[in-house]
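Peer 1: Below, each chain spelled out in residue letters.
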Amino acid sequence: MEQVTLNTADLKSQEYFLNMGPQHPATHGVLRLILTLDGEVVKNIEPDLGYIHRSIEKQCEYEGYKQIIHLTDRMDYLSAHINNEAVALAIEQALEIEVPERVKVIRTIMGELTRIASHLLWWGVMGMDVGALTTFMYAFRDREMINDIMEETCGARLTMSYSTPGGVMFDLHPNFQKRVKEFIPHLRKVIPKYDELLTGNVIFQKRMKGVGYLSKEDAISLGASGPVARGSGVHSDIRKIKPYSALDKVDFKEIIYTEGDNLARYKVRMDEMLESLNIIEQLIDNIPDDGIQAKTKALIKLPKGEFLQRVETARGDLGVYIVSDGKKNPYRVKFRSPGFSNLNALIEMGKGHLIADLVAIMSTLDFVVPDIDR
Amino acid sequence: MMNTETIQNKLAGIFPELQFSEEASQFLNIIVSKDDYIKLAETLKNEGFDYLFSMTGMDWGKELGVTLHLERTEDRFMIVVKVMLEDRENPELPTLENIWKTAHLHEREIYDLFGINFKGHSVMKRLLLSEDWEGYPMRKDWMDPSKMIIR
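Protein chains in written order, with the numbering used here: chain A, -16 to 357; chain B, 2 to 152.
These are computed hints drawn from the structure, not numbers from a lab. Some hints here could point you the wrong way.
As the list claims (entries may be wrong) - Below, in silico cross-link-like pairs of lysine-lysine (DSS-like), each with a Cα-Cα straight-line distance of 25 Å or less:
#	chain 1	residue 1	chain 2	residue 2
1	B	K11	A	K310
2	A	K284	B	K63
3	A	K311	B	K46
4	B	K148	A	K287
5	B	K83	A	K41
6	A	K199	B	K63
7	B	K120	A	K225
8	A	K49	B	K83
9	A	K287	B	K46
10	A	K49	A	K199
11	B	K40	A	K310
12	B	K120	A	K310
13	A	K311	B	K63
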């Protein structure tokens, strides 16, 4: 029989395009990536956004300041409370309102609960993206407890619109403290189980370790923030850099890992959940009792000027930049969303990886598409 | 530690035509002309402003322009750079993509919504809106034919 020899050096490959999304399950929403591929290797990524662009910035120019807050729920809906807080803080900064201590503490507790809920959802879908379906069930079971706490006090589970300029919408529900105190030990008990289930898994580790490397310099230059930047060793937690609400009164660690790969970003979020519990624990027993609303006018007009407020959402550095010309509507509002800048990092990181790895990388960036599109 | 005076004196030495202002803002505002824009960006990068926090497209009524929020990750000192363009027909700026990589998507967004063309950008295409969209909706003189936003 004649032996057929194949010289692989003679074989040529051809680049081609592939649409990933807008209906791809791993994009968690309608994000479309136009991939240039060579075989299964990603050569270039071009994002095409706007499938859920609602032009929130333009709408803000035609709404009063109190109404803007309700629009921000719909940006990063998993950090809805923190978005509300950002706008409320920006308005308070402009009007030089000092809010009651109770409001500060409530906002911080709610913010950290929101962060935990967001990270829990991320953990659930992260497992699912790499093929472990069970994680989703566990994460949603525990996240439900936070949603219930939110529902009792704010009247809504996701889009709370709970912060208003100068305060919060309603006082805490009588069950609030009890429920939160039940939740803290529960989550402390289940997170080691999460680790047993997913973190230590060999297949999972192989998908995570050394994949999607982002250097510290690149992370800064690409404008990455939040767990993405902290996984690359960048000191970037706004809660530490510019503490807002009651965060200057609590003692907590900024979680930083220096490896810069998928696993580092994964670990940052896992540790952040525990750190958020620490923050809540320090505040939950001594909530001051000095009212839930500072005096504000019914129709808010900001003085002429420019105001920037930054907060740390579950995804990173959210900036609310308001340009006011002294009228009842803002002249220009810009939401510097963390997801939009983190998308730059995906373009850089994904190059040279396989499509399957791109899914895992995208998962550790934790995109919420309405946050990118606004 | 960087502070407002140090950076202002340093920049005023290199660029005599810069305007500085701290009025109605928490940060030092630097107003730069289109011609000095790229050179100022390079100088600031060398001064340690390595984090381009945000790029905001602006329509000041008469001029179009861009507002940059730049930060030093070392000591978290932030400044604001503004560039104004008189030409509303064909507004053009050089790209910052090669200085701060994050400008890649920010500039595409500004091109899409304000119609400022960034020369030298690798993919100068619409980002949020569809290719056949007419006009630039974030401009103040844009009319909303569907009456969805502007009632």
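Peer 1: Work down the list of hints and note, for each, if the structure agrees.
Peer 2: Hints, verified against the model:
1. B:K11 with A:K310: Not OK: K11 of chain B and K310 of chain A at ~37 Å, beyond 25 Å, violated.
2. A:K284 with B:K63: Holds - the C-alpha atoms of K63 of chain B and K284 of chain A are around 24 Å apart, at most 25 Å.
3. A:K311 with B:K46: With Cα atoms ~37 Å apart, K311 of chain A and K46 of chain B exceed 25 Å; violated.
4. B:K148 with A:K287: Violated. K148 of chain B to K287 of chain A sits at ~28 Å, over the 25 Å cutoff.
5. B:K83 with A:K41: Holds: K83 of chain B and K41 of chain A sit about 21 Å apart, inside 25 Å.
6. A:K199 with B:K63: violated (40 Å)
7. B:K120 with A:K225: violated (35 Å)
8. A:K49 with B:K83: Distance of about 28 Å is beyond 25 Å: violated.
9. A:K287 with B:K46: Violated. K287 of chain A to K46 of chain B sits at ~30 Å, over the 25 Å cutoff.
10. A:K49 with A:K199: violated (39 Å)
11. B:K40 with A:K310: The hint is violated at about 36 Å.
12. B:K120 with A:K310: Outside the cut-off at roughly 36 Å; violated.
13. A:K311 with B:K63: holds (22 Å)
Violation of the numbered hints given earlier is confined to hints 1, 3, 4, 6, 7, 8, 9, 10, 11, 12; the remaining hints are satisfied by the structure.
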